[in-house]
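Colleague: Residue numbers (the working numbering), protein chains in the order written: chain A, 14 to 296; chain B, 27 to 360.
Worth flagging that the hints you see were computed from the coordinates, not collected in a lab.
Heads up, a few of these hints could be off.
Computed list of lysine to any residue pairs in SDA-like fashion (alpha-carbon distance at most 25 Å, straight line) [unchecked claim]:
#1 134/B to 235/A
#2 134/B to 209/A
#3 291/A to 306/B
#4 51/A to 247/A
#5 291/A to 236/B
#6 51/A to 27/A
#7 51/A to 122/B
#8 189/A to 291/A
#9 291/A to 246/B
#10 51/A to 121/B
#11 180/A to 84/A
#12 134/B to 147/B
#13 134/B to 143/A
#14 134/B to 27/A
#15 291/A to 305/B
#16 291/A to 287/B
#17 291/A to 245/B
#18 134/B to 53/A
#19 291/A to 95/B
#20 51/A to 38/A
#21 134/B to 161/B
#22 134/B to 142/A
#23 291/A to 134/B
#24 291/A to 115/B
#25 180/A to 131/A
#26 134/B to 148/B
#27 209/A to 356/B
#28 134/B to 270/A
#29 291/A to 256/B
#30 134/B to 144/A
#31 134/B to 51/A
#32 134/B to 84/A
#33 134/B to 189/A
#34 134/B to 114/B
#35 134/B to 132/A
None of the values given here were measured: they were computed from a predicted structure.
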Amino acid sequence: MNSESTLVGRTRARPGAFGFLTDTTLCIGCKACEVACKQWNQLPMDDFGFTGMSYDNTGDLGATTWRHVAFIERVADRQGRRPTRLQPFQSHWLMLSDVCKHCVNAGCMEACPTGAIIRTEFDTVVIQQDVCNGCGYCVPACPFGVPALSPLDGKAHKCTLCYDRLKDGLEPACSKACPTDAIQFGPVHALMDRAKARVAELQAQGVDARIYGDEALGGTGGIGGLNAFFILTAPPEVYNLPAAPELPQRRVLPAFLTTALAALVLGVATLLSFWRTKEVRHG
Amino acid sequence: MAELRRWQHRRAPGEPVSAETRESYYGLPVIHGPHWRWPIVFYFVLGGLAGGSAVLAAAARLVGGRWARSVVRIGRYLAFLAVLPGPLLLIVDLGRPERFHHMLRVVKLRSPMSVGVWGLVGFTASAFLNALWQAAEDGLLGRRGVVRCIRRLPDRGLAAMSLLPAFFLAGYTGVLLGATAVPLWARNALRLGPLFLCSALSSAAAALSLLVGSGPDVQRVRRALERVEQVALVGELALLEAVQRGSGDVVGRPITVGLEGRAYAGARASAGLALGLHLLARVVPRRCRTVLRVLAALVAFGGAFLLRAAMVFGGRCSAEDPRATFVMTRGERH
Ligand code: SF4
Ligand code: SF4
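Just chain A, with the same shape it has in the complex (with noise of 0.2 Å):
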């Protein structure tokens, strides 16, 4: 057993691993990310609209959305406290431009039945558009709500990390386009102690800050930490993200190993009722 302080800045990545580092402190909402990404992918637009709940029009990562910024304006709990130390006419707005986190060790591709998800030799997890035959079991076997079907062409999407500008040896586009550098790019390990320091700094100023995608918060249940990882400032649950996740695949042989004990009661009573059920005599 990991006591949780030797989990807090921990992954499992491994060393040559890429990844990003979303930190949410410096993210003014701009959106340039989710336009870039659409841009550089060749996304198609997502039906026009306004969702009446905040700045955020996109809603929800989707098919042809592989970044979303999420606006959640923290208002007062239900005894009228603030969760923030600004003034009661100033609002208090958090922005978190969400992406598929790159698991280390990832739900959706342990579950694709075709092969379609790979890890790429970037450490990154990408779905081979011609071999994806659009099941859809990735879809629910993601703990964070990534992939989805196209209607458009019926396979799964999602964000690959850019894997065909890291090829050129280029930085993905959103964290290209990002202009205060809330989204950064680099090897995981080096991203993960810029983390560290930067959550230290935050938290000697009084910021409640966090790191979510190391083994003790987001990265957990056997995840083993996530290869885009985020600095936080509320609890994850705020950003609509799980705190403690679980790796799905960890249920498949406990689970399978109930079915073979069930399998076995259930067999000996089949077989013990077909070799001892007398003849009927009297109907």
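The hints should help you fit chain B with the ligands onto chain A, whose structure is shown.
Modeller: Chain B with the ligands only, in chain A's frame:
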């Protein structure tokens, strides 16, 4: 593309935005739900029926003696016929049906979908061989040389060989659901496989007891099938109760309220009713017995269907509920 984006039908009318942001991100789901609908429900039902029939046929062949031959014969035919639509239902469900064979390019033991596909292939092969032998034995294929070759296959060996894929096909679908991030399924990962197995066996025993018709040993056959059905129904009832209790208020909401909740309650009532009818059939006069047993079989079969529908559609609801996901993923620190 006319589908609504998720936020477009998310909010309860009249509820202010600020109320939603306290406990979740504007009430939006955390995870993406499965796209599975009726084809998968029917596949689960038919797969259970096929697997259960094959188990009963094999058991009857291995230890049953001459009197149980009707179970062997009808069980083998039913297993093969019931599994035939399975692959078609799965292929229709794909986003790119013409690429169905991509499933066959890998074997991944940690992916229940992958082992499931291979299990289905194995079951279909074994059900085909069993049904073929039976057809040759029954003289349905004529008396040519090939047929004589088929009949030379070891019959008991075929029966014994079919047991493993049969149990697998009947139970793996529960593991398939459990190995996802969907709260209702994930919470019940250890229970769904056994639950689907019980329901598969009870529905197959019910179907066979309706189909064995009238023979000299029909009473004895019915009695044996009934015993199996009762054991399976008792297990099913216990597991249905365990799933409901183990899910708790938040995660178990989809199988408590709404249409899915009613289907789940219906599955439970059916299992109980079928069991009750069987017990009742023991005490009433002989004339009424057949009616009660036919009724019990129909009810048990309907219950198996309701259970699959409640679990598949309930999982879709569960994925939509951010609170359920957060209950499942809270961890100790938060
Ligand atoms: S976040 Fe989801 S889609 Fe991305 S790698 Fe992890 S499991 Fe796969
Ligand atoms: S939808 Fe495609 S990528 Fe996802 S699990 Fe199925 S085959 Fe794999």
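Colleague: All hints are to be evaluated individually against the structure, with a verdict given for each.
Modeller: For each hint, the structure was consulted:
no. : hint           : result
1   : 134/B to 235/A : holds, 18 Å
2   : 134/B to 209/A : violated, 37 Å
3   : 291/A to 306/B : holds, 21 Å
4   : 51/A to 247/A  : violated, 29 Å
5   : 291/A to 236/B : holds, 20 Å
6   : 51/A to 27/A   : violated, 29 Å
7   : 51/A to 122/B  : holds, 24 Å
8   : 189/A to 291/A : violated, 79 Å
9   : 291/A to 246/B : holds, 7 Å
10  : 51/A to 121/B  : holds, 23 Å
11  : 180/A to 84/A  : violated, 32 Å
12  : 134/B to 147/B : holds, 15 Å
13  : 134/B to 143/A : holds, 19 Å
14  : 134/B to 27/A  : holds, 22 Å
15  : 291/A to 305/B : holds, 19 Å
16  : 291/A to 287/B : violated, 41 Å
17  : 291/A to 245/B : holds, 10 Å
18  : 134/B to 53/A  : violated, 33 Å
19  : 291/A to 95/B  : holds, 15 Å
20  : 51/A to 38/A   : holds, 24 Å
21  : 134/B to 161/B : violated, 35 Å
22  : 134/B to 142/A : holds, 19 Å
23  : 291/A to 134/B : violated, 45 Å
24  : 291/A to 115/B : violated, 41 Å
25  : 180/A to 131/A : holds, 15 Å
26  : 134/B to 148/B : holds, 15 Å
27  : 209/A to 356/B : holds, 23 Å
28  : 134/B to 270/A : holds, 17 Å
29  : 291/A to 256/B : holds, 17 Å
30  : 134/B to 144/A : holds, 15 Å
31  : 134/B to 51/A  : violated, 33 Å
32  : 134/B to 84/A  : violated, 39 Å
33  : 134/B to 189/A : violated, 37 Å
34  : 134/B to 114/B : holds, 22 Å
35  : 134/B to 132/A : holds, 15 Å
In summary, the structure is inconsistent with hints 2, 4, 6, 8, 11, 16, 18, 21, 23, 24, 31, 32 and 33 from the numbered list given earlier, while agreeing with the others.
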